[in-house]
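> The chain contents come next:
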Amino acid sequence: MAAAAERALGKATSRNGERILGSLAAVALGASLVLSLVVAPPDAVQGEVQRLMYIHVPAAWLAYLSFAVVFVGSIGYLRTRKTRWDRIAGASAEIGVMFTALAIVLGALWGKPVWGTWWTWDPRLTTTAVLLLIYLGYLSIRRISDNPSRRARWCAVVGIVGFVDVPIVHLSVVWWRSLHQGPTVLRLGSPEIEGTMLLALLAGVAAFTLVYAYLMTLRLRVGRLEDRAAREALSPIVEPAVEVEV
Amino acid sequence: MSAVASPGRPGSFRQAAAILAKDLRIEVRGRHAAGTLLPFAATLLIAFGFAFGPGREVLERTAPGLLWMAVLFSAVMASRRAYQTETEDGALEGLLLAPIDKAAVFLGKAAAVTVELLALVVAVLVMVVALFDLSIGSPLPLVAAFALGVVGLAAVGSLFGVVAESARTREAVFPMLVLPLVTPVLIAGVRATDLAAAGRTSEAAQWLGLLLAFDVVFLSIGVLVFGYLMED
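Quick note, the sequences are listed as chains A and B, same order. Residue numbers for the first sequence follow our numbering, beginning at 1 and rising by one. Residue numbers for the second sequence follow our numbering, beginning at 1 and rising by one.
Since the hints were derived computationally from the structure, they do not count as laboratory data. For every residue, glycine included, the Cβ atom is placed at its ideal position computed from N, Cα and C. Keep in mind that the hints are not guaranteed to be accurate.
Some but not every residue of chain B turned toward chain A, in silico, with C-beta under 10 Å [to be verified]: (1) 162; (2) 166; (3) 205; (4) 206; (5) 217.
Per label pair, the in silico range of CB-to-CB distance [as the list claims (entries may be wrong)]: (6) 148/A with 198/B: 24 to 34 Å; (7) 136/A with 21/B: 31 to 41 Å; (8) 36/B with 139/A: 26 to 36 Å; (9) 143/B with 225/A: 22 to 32 Å; (10) 98/B with 19/A: 52 to 62 Å; (11) 109/A with 52/B: 44 to 54 Å; (12) 174/A with 13/B: 30 to 40 Å; (13) 139/B with 199/A: 52 to 62 Å; (14) 13/B with 20/A: 48 to 58 Å; (15) 96/B with 148/A: 17 to 27 Å; (16) 43/B with 112/A: 31 to 41 Å; (17) 36/B with 23/A: 55 to 65 Å; (18) 200/B with 39/A: 45 to 55 Å; (19) 124/A with 51/B: 22 to 32 Å.
Just so you have them, the derived chain A footprint on chain B, three or more residues with Cβ under 8 Å [as the list claims (entries may be wrong)]: (20) 54 to 63; (21) 133 to 139.
Assemble the whole structure, with the sequences as input and the hints as a guide.
Following this line, the structure appears as structure tokens:
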């Protein structure tokens, strides 16, 4: 009875937290939309297309944030062996892959009118593309489902190794470009940025971070339910074994 | 195996050496590298020739890249092979039950894959020089680039090869995992080979440093985390 009450309480708080985060994210997104579309002036050189930056930069920020969380969650799992850490890492990887892909697509949409090309082998672009591939590999390991605890261990190792690899990939790509300079690309110029533009950018980053937190709570709840469903489906036969596993 | 039974287990280094010797013996007797890997690499090179040839100029310019692509794909196959022999006949269980360091298993496997790949590189290099007209200006950085690059490939491959073997129903998982991770090896290896071929030794040295850093990082990570991959 007490355990049931505790579980109900835990569920209620998580649902509440979810709702609060969801509303906050919606408000912040609305605010950042107004700031980036209405308040911020069009760019002097690039014109209206520059407004894509207000979602491109936050998306790229989320990519790196999520993969850092995957890294932390992976270490947490290997140290504690608590399924919670594995769920955190997995949820964050899924969200991270989505936002990495979004950042790349938005960058391409912006690059075509401004740089005159969808894609250039610029260090940041290239590193982000490799990042996307590494975590797509991570997600494909997650889909191996024959043994949950083994899957969690494997994913944790990939989550750690992948994250450690990113700076090396970036360094190699930077050198690669500097020694093999292609056609010069138009750069954003000096980072002097107008006040309202900076505000719109920061609002975007804040809003996307809230969206990330909201999606995490959703995905974690789904993950908990998935694990419970699997446990209950097995419970008549192997209850003790599964208890040990989790 | 008598060394294990005797009082005082052999050190990790000797354990790794034993794994290395065992794997190489299997390769020499099974002739997998000679029978499968080498023809595979040759097929790839010929296919590259069809794709980019027959103009000599393009082939010569792309030769360092093609050479490394052949080595990269061979590394994927060799790493998978290193664990395939273990899963057959339940040898992996024996290896897990043996009172040896998991890190030693990793280092031994990585060393065996390195030796196999180095032998392969020699053959591939001869083919590329013959087929694509690659001229080698300064051989020393070239040798160093391949030695260092192959260690990095073997480290990543041996770390995740055990995953490849257990996930055999999903063939693409292993290359999908390994190929993006070894991006620095591919870039640095190709650049170093390119510069060495042109005889620009000092510029090639910078890339050798990157390869060395990659090797150190991934061998260390492997030693730290390989045990977690091998718990069951």
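> All hints are to be evaluated individually against the structure, with a verdict given for each.
Now the hints, each set against the structure:
{"no.": "1", "hint": "162", "result": "9 Å, holds"}
{"no.": "2", "hint": "166", "result": "8 Å, holds"}
{"no.": "3", "hint": "205", "result": "12 Å, violated"}
{"no.": "4", "hint": "206", "result": "7 Å, holds"}
{"no.": "5", "hint": "217", "result": "7 Å, holds"}
{"no.": "6", "hint": "148/A with 198/B: 24 to 34 Å", "result": "53 Å, violated"}
{"no.": "7", "hint": "136/A with 21/B: 31 to 41 Å", "result": "37 Å, holds"}
{"no.": "8", "hint": "36/B with 139/A: 26 to 36 Å", "result": "30 Å, holds"}
{"no.": "9", "hint": "143/B with 225/A: 22 to 32 Å", "result": "57 Å, violated"}
{"no.": "10", "hint": "98/B with 19/A: 52 to 62 Å", "result": "54 Å, holds"}
{"no.": "11", "hint": "109/A with 52/B: 44 to 54 Å", "result": "32 Å, violated"}
{"no.": "12", "hint": "174/A with 13/B: 30 to 40 Å", "result": "36 Å, holds"}
{"no.": "13", "hint": "139/B with 199/A: 52 to 62 Å", "result": "59 Å, holds"}
{"no.": "14", "hint": "13/B with 20/A: 48 to 58 Å", "result": "57 Å, holds"}
{"no.": "15", "hint": "96/B with 148/A: 17 to 27 Å", "result": "20 Å, holds"}
{"no.": "16", "hint": "43/B with 112/A: 31 to 41 Å", "result": "39 Å, holds"}
{"no.": "17", "hint": "36/B with 23/A: 55 to 65 Å", "result": "60 Å, holds"}
{"no.": "18", "hint": "200/B with 39/A: 45 to 55 Å", "result": "53 Å, holds"}
{"no.": "19", "hint": "124/A with 51/B: 22 to 32 Å", "result": "30 Å, holds"}
{"no.": "20", "hint": "54 to 63", "result": "violated (count 0)"}
{"no.": "21", "hint": "133 to 139", "result": "violated (count 0)"}
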